[in-house]
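Just need the whole structure built from these sequences, with the hints factored in.
So the sequence shown is residues 0 to 142, counted in numbering that gives the first Met the number 0.
Because the hints were derived from the structure by calculation, they are not lab data.
There is no bait here: all hints are sound.
As a list, the in silico DSSO-like pairs of lysine-lysine whose alpha-carbon atoms are at most 30 Å apart:
hint, residue 1, residue 2
1, 109, 89
2, 89, 61
3, 109, 61
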Amino acid sequence: MSHVPLIDITQTTADRAALLSQIQQAFGTVPNMFRAVANSPAALRSMWGSFGALGGGSIPAKLGEQIAVAVADRNHCEYCLAAHTALGRKAGATAEEMTAAQAGHAADPKTDAALRFALALAEQRGQVQPDDVRRLREVGFSD
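Written out as structure tokens, the structure reads:
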């Protein structure tokens, strides 16, 4: 049972509905985390703005979702795992690639290095070692 009401796009204020509509167009649905955050229009604007900003980064969507499922698995977040698996498939990953990513692996060496680095960041709370960074750079990632 949710302790925070989930905002219904059809029964809310115009400003919330406009943002939730953008989210629905992007994802094909409005994930519950956005519906919960919509209780605060300021938080919803911030969260959606962050998603947009990250979407314009240098990491391709497929890789971003592979990283997300690896981290979701380590964090034991079934909701995140399901959502990012679906988004990864939408971004072009195969079911096998998403399963491998969940375990922190990939057949592609560059993707594998990115997954290993992301998990090191998560597991070591950002305290990665110089060798972790070196391995990432060796496969073609930059600062």
